[in-house]
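Colleague: Okay, here's what each chain looks like letter by letter:
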Amino acid sequence: MMTCKDVSTLVSMGDIERAPMARRMAVWLHLAMCRHCRAFRRQMALIGRAAHLASEAFGHEPSTRFEGKILEHLGL
Amino acid sequence: MAFGGHISLQDLRARDPAALRDVVNQHARRLYRAARGMGFSASDAEDLVQDVFVTFLETIERFEGRSEVGTWLVGILYHKAQERRRAHAREDLTDAVDEIFDGRFKSDGSWREPPIPADRLVAAGQTAEALRECLGGLPDQHRKVFQLRQLEELSTADVSEMIGCTINHVGVLFHRARVQLRACLEAKGWGRSR
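Those sequence lines, one after another, are chains A and B. Going by the numbering used here, the residue at position 58 of the first sequence is 58; the numbering climbs one at a time, nothing skipped. Going by the numbering used here, the residue at position 137 of the second sequence is 213; the numbering climbs one at a time, nothing skipped.
Warning: the hint list may mix true and false statements.
If you want a taste of the chain A side facing chain B, the calculated C-beta under 10 Å gives, among others [stated by the list, open to error]:
1. Asp6
2. Ser8
3. Arg35
4. Cys37
5. Met44
6. Ile47
7. Gly48
8. Arg49
9. Ser63
10. Glu67
11. His73
12. Leu74
13. Leu76
Since the hints were derived computationally from the structure, they do not count as laboratory data. Backbone N, C-alpha and C fix where the C-beta goes; we use that ideal spot for every residue, glycine too.
Can you make the complete structure from the sequences, with help from the hints?
Modeller: Now the structure itself:
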């Protein structure tokens, strides 16, 4: 029987799909029964969405002619 | 896969200028954003990306086309970033991170401090602002793995090959990054604003 700690560790490692079928089934069964672990999984998803927004929203764009400067440097 | 576009391997190996220009135009900005996400300043990120393309050009014979060009370039970026940051490695926080996570659970593995339900969490937009500061506090290796797995959406296997460690270790590093981000967000009041 998987504990909340086992399940949340696997959720946080982000690779449940790669786990063997029996383990995946155990995780999904646990998640179906445990609202705390479901809340944890939603937190992880929210961190992922927020990270994408943070990356898009904070002006991570290079200077103008960025590609041009690289091409010049490469002699292209 | 996060990087798209089809460029002929043959043209790349022949250093065809048009193909190389396509590679730069397709991937430079994404690499720049990844470098910024790894914590480099704007000017350092531009230098780093320039270095990536120099190395790409120098090592193009080793690119066998088994992965996407973009994935190969992110691999070079990762190694260049490691070279620049080696002196500032902060892997000594590992035990403390595991303690943060372990402290959430009782000895039988059930929650001691259950996670905050989603309807009490602030929205992703507000979380993003706080998260930006929290990302700056991550140890270098954790931040890079978070960037590659979460934002570049590379598979664990690709990241494992890129950084030269086992698939399981990539999972552990990603887990530790997210544990720290969650703890940092909670310290900033995540879940208390609604």
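Colleague: Now tell me, hint by hint, if it's right for this structure.
Modeller: Verification of the supplied hints:
no.: 1; hint: Asp6; verdict: holds (6 Å)
no.: 2; hint: Ser8; verdict: holds (8 Å)
no.: 3; hint: Arg35; verdict: holds (8 Å)
no.: 4; hint: Cys37; verdict: holds (8 Å)
no.: 5; hint: Met44; verdict: holds (6 Å)
no.: 6; hint: Ile47; verdict: holds (6 Å)
no.: 7; hint: Gly48; verdict: holds (5 Å)
no.: 8; hint: Arg49; verdict: holds (4 Å)
no.: 9; hint: Ser63; verdict: holds (7 Å)
no.: 10; hint: Glu67; verdict: holds (5 Å)
no.: 11; hint: His73; verdict: holds (6 Å)
no.: 12; hint: Leu74; verdict: holds (6 Å)
no.: 13; hint: Leu76; verdict: holds (5 Å)
Checked against the numbered hints given earlier, the structure satisfies every one of them.
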